[in-house]
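S.K.: Spelled out from the first residue to the last, the chains are:
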Amino acid sequence: MLNLISLVLLFPLIGTAINGLIGKKLRKETVGYIACGAIGMSFFVAILVFFGLLQLPPESRVFEKQLFNWIESGSFKAAAGLQVDPLSSLMILIITGVGFLIHIYSIGYMHHDKGYHRYFCYLNLFTFSMLLLVLGNNFLLMFIGWEAVGLCSYLLIGFWFEKKSASDAAKKAFIVNRVGDFGFALGIMLIFITFDTIDFTGVFHAASQGNIAVGSFTVTIITLLLFMGATGKSAQIPLYTWLPDAMEGPTPVSALIHAATMVTAGVYMIARCNVLFMLSPFTMTVVACIGAATALFAASIGLVQNDIKRVLAYSTVSQLGYMFLACGVGAFTAGVFHLMTHAFFKALLFLGSGSVIHALSGEQDMRKMGGLKKHIPITYRTFLVGTVAIAGIPPFAGFFSKDEILLEAFVRGNFIYWAVGALAALFTAFYMFRLLIMTFHGKSRVDHHAMEHLHESPKNMTVPLKILAVLALLGGFLGIPGASAINGFLSPVFGEHGHVETHGAEACGSHAACLPYLMMVISTGIAIAGIYLAYLMYIKSPELPKKLAERFSLIYKLLLNKYYIDEIYDALFVNPIKKISLLLWKRVDAQLIDGTVNGVAGFVRGFGSVLRLSQTGYVRNYAFYIVAGCIFIIVFVVFGK
Amino acid sequence: MSVPILSLITFLPIIGVFFILSIETKRQELVRVTAMIISSVVFFISLPLYCGFDSRTSDMQFVEKLQWIPSFGIQYHIGIDGISLFLILLTTFITPLSILASWHITKHVKEYMIAMLVLETGMIGVFISLDMFLFYVFWELMLIPMYLLIGVWGGPRRIYAAVKFFVYTMAGSVFMLLAIIGLYFLNHRATGEYTFNLLEYYRLELSFAVQFWLFLAFAFAFAIKVPMFPFHTWLPDAHVEAPTAGSVILAGVLLKMGTYGFVRFCLPLFPEASRAFIPVISWMAITGIVYGALVSMVQDDLKKLVAYSSVSHLGFVMLGVFAFNVQGLEGGIIQMVNHGVSTGALFLVVGMLYERRHTRLIADFGGLTKQMPVFATLFLIVTLSSIGLPGLNGFVGEFLILVGAFKSRILYASIATSGIILAAVYMLWMFQRVMFQEITHEENKTLKDLNKRELVILIPFIVLIFWIGIYPNSFLRKMDVSVNHLLKQIGEKTHIVTNVYTQKKGEQSPANSDLKIDIVSDDKTVW
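Read top to bottom, the protein sequences are chains G and Y.
Here this note's numbering is used: the first residue of the first sequence is 141, the next is one more, and so on.
Here this note's numbering is used: the first residue of the second sequence is 4, the next is one more, and so on.
Hints are supplied without guarantee of correctness; some may be wrong.
[As the list claims (entries may be wrong)] Distance condition first, Cα-Cα at most 30 Å in a straight line; then the derived DSSO-like pairs of lysine-lysine:
| id | chain 1 | residue 1 | chain 2 | residue 2 |
| --- | --- | --- | --- | --- |
| 1 | Y | 448 | G | 165 |
| 2 | G | 165 | Y | 451 |
| 3 | Y | 481 | G | 217 |
| 4 | G | 304 | Y | 373 |
| 5 | G | 164 | Y | 373 |
Hints listed in this document are in silico derivations from the structure and should not be mistaken for laboratory results.
Bear in mind that the values here come from a model prediction, so they are computed numbers and not experimental data.
Construct the entire structure; sequences and hints are all you get.
M.R.: What follows is the structure, given as structure tokens:
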């Protein structure tokens, strides 16, 4: 069954080709069926592959399939080859599974759009690229997928290209990602120089054999460069700025690409390279610090935003920070676990917000919502599930994964990681319930025009919501402490260092054994506190937020303007580069270089025109020269000595 | 001896010129069709070069050798190896498509097509010559039709641009001619034989001082042609003024003669000097990469933008060539082809816009995607290929070059890699302003999408873009042996000369030995 793995890739590619080439001539329904069918079949094969993998004994659960030799030059060899192991099989299940639901949802959501076939062509292409990213068996193939998802993200963010903001956001996403890719590419080169191969098996084998000393300079640089790539794709400090802007794209795109799958590629990459990262304690510390900092930083911005999708976007950045925190302390399993649960509940939340926006004919400002609970009940209920899940209330999915990360951060890292993570969790619970309350509860602030069209979304949108809600409710049980299925499944990839034993079976006698349970209680308490704060401020005494904003106007402004990071980047990088470029063009190129060139030409011409004066054409002048010459020679001969 | 394919593809265009001469000037359509047919035939005849090319040997293939002017040792000696193969195919590929892209030309059609065909002969000749004299003849031959293309069919400042192009190139060529004559006498001094045979020259062992000056002379000619920073300022002017087909060929093939010259002549003839010049050339290349990209960013004219991007892309090629290892060189050669394809296609795209709107200013466009969806798709693919998106052609070349550069000097590669960020900035910004956003100019609301002829022109480029990107091995395999041979050649010679040089260092300082001939004869090098 593992041999079928190429089919996982093939179906979306066929879907892309059909819709891309002749989609314009097809009926809308057909386009939708082709796109969804492609991903559906891909999902089906992914399940087969998953079970194929399960049949193998745990330690030999790696399957490689070579397709063809892609680039060969001297000792540099990059094959087009696929690799299935527990990590990538889990990833393809998430990508095709969540992707399938989002494709179906899109049929309803994009129904009225003129670029219907274009949309599905891109969406299929994205799925293909993402699958390639996680299935590639070497760094370069992963890099293709990596850049190709970036391209699809570019195309889909700029899907409504007539809008300047959309095309700006698309361009920004691509370029900021390129900055990260700069690091990734250099990292791959350094890996090649160091290991003389770029195959995962070869590199990780060499690294785990002790050829590379722990903490050596090379491996630290390699991992830092790779991590630079990850900060771009997974929107971490300092390269996160593109993700909030990416919300210009259609909402299902935000759900699929900018929440569930693509942005988690950085986490996947670090998890994939766990052998390398474990060799560099310094890099691990950097990863953990950036992760923790991003988790808190983005969550704090999310506290005051008014655009429903932007809140979710900052929330995504923040949640990705958690995943990096987990990886940074060496808890790769926890990171990947959170990746999975996050894919469920964040996709749910985005699709839910899409349903709200759809119902309100495009309105995204939460200040113009409110009281929608009774108008769109299915959306509300599913959204509620997602909100509770992300806030971290047991037994919803987010609780287990986030709790595990906090626990690991405390056990393996230090108190500060935990405290930062816990504070971010408080913020998360608060801003999500603020969002929920502002959107669905209270009095309606919807303008009457939108009110007339207010309607619950069609079935093809609500069914995916319901399924995702179930997943967000139950997904966490895959990783409950003590009997974690996901730990066991992923342990061949991460080895022993992937997770700490939670001692679930032991009696709660010693202090250490009690810790997990204590932690659970604390994090639940934090979540409840956040929710209560939101309740207090937005239901009980709605005048409170305004008072607070006035009281702490400086902080409020800072948060509302996202710490002015975009403005700072503009001032530091964008504008100076533009100025330097203009200077180079106008001064160096036109004046200095071309000036010199024209100067030389002018000199030659001038010199020529002086010489020309001697060529008068009059015989008398020439006779004069001859006589003068003769006299000169005679004088020279006679008096020369 | 089988069919002399190389001679056939070289001189068929000239024969075509006579056909065209016999056609009445009024019958423009017939002139166009004839030119098109001839150049297409040339392309199809050149295909067996690829199929019949033996990738196991580094010897010259399809060799033809005839005496031409025996008294001076000048031969008609042609042949190809894995390095020139793809440049010839690129030439025969681009010419018919350029002719097809010149369908709208109505001024002196006959003369235009003649210029195009003569140009093709000159370009192919440069890549196949194994006799230095023959090489120089072709090198100068192709200059004239290009000069005319810019000067007669160009834009408003065409005379300035044409003269600038001509004088710049000539200035370089003069030094090269001197160096060729120098080699001619040096070879005679060493072997007692007067010959312009390049393969004979390869065996010469020159002292460092001689290598130094000869390298400089050749490098000057080639650096102008590439063009490397800071000899690039003729390029934007020439591109802006040239007609579309002129730009396509200029970018697609002519610039490659500079980089090809470095690979074919400078490296194997003057290996020691080349090595000594690595830092100079590399820094020029790196400066070109960053500088070209930055200046490209602020251009308001589409053609100028593409022209400066060429400076950046060719910087990559030079960086790869001077990495002195397999990845760098193979990447460099692939990138020569890539640049021909991608930039050629970009100029075609710009030309198609120009035909519709008679402007090339970025500000005059915007929102075209709505009116021209097919055009938008193809344009985007070409743009992405120029940016070096993995899976498309540009990536393969750039990445191999960077790997090669990284192997030799990490610093060079690290700075050069920043070029991939900048490429995304200037290309995507341009694409956004031309294709996205609202339509702001009334005239753009009625633009027509691509017609069949334009599709026929662009599709082959798109196919190549994907082909090289997805299966570059079909190209890399063919050049592998030749490139390795070249590296071996350089390595061996460097070794020998280094030893002798260090021996002789005490006796004679290289600085004042000038162009004095001091050949290392064989009995001295036995060591």
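S.K.: For a quick check of understanding: which of the numbered hints are violated here, in increasing order?
M.R.: none
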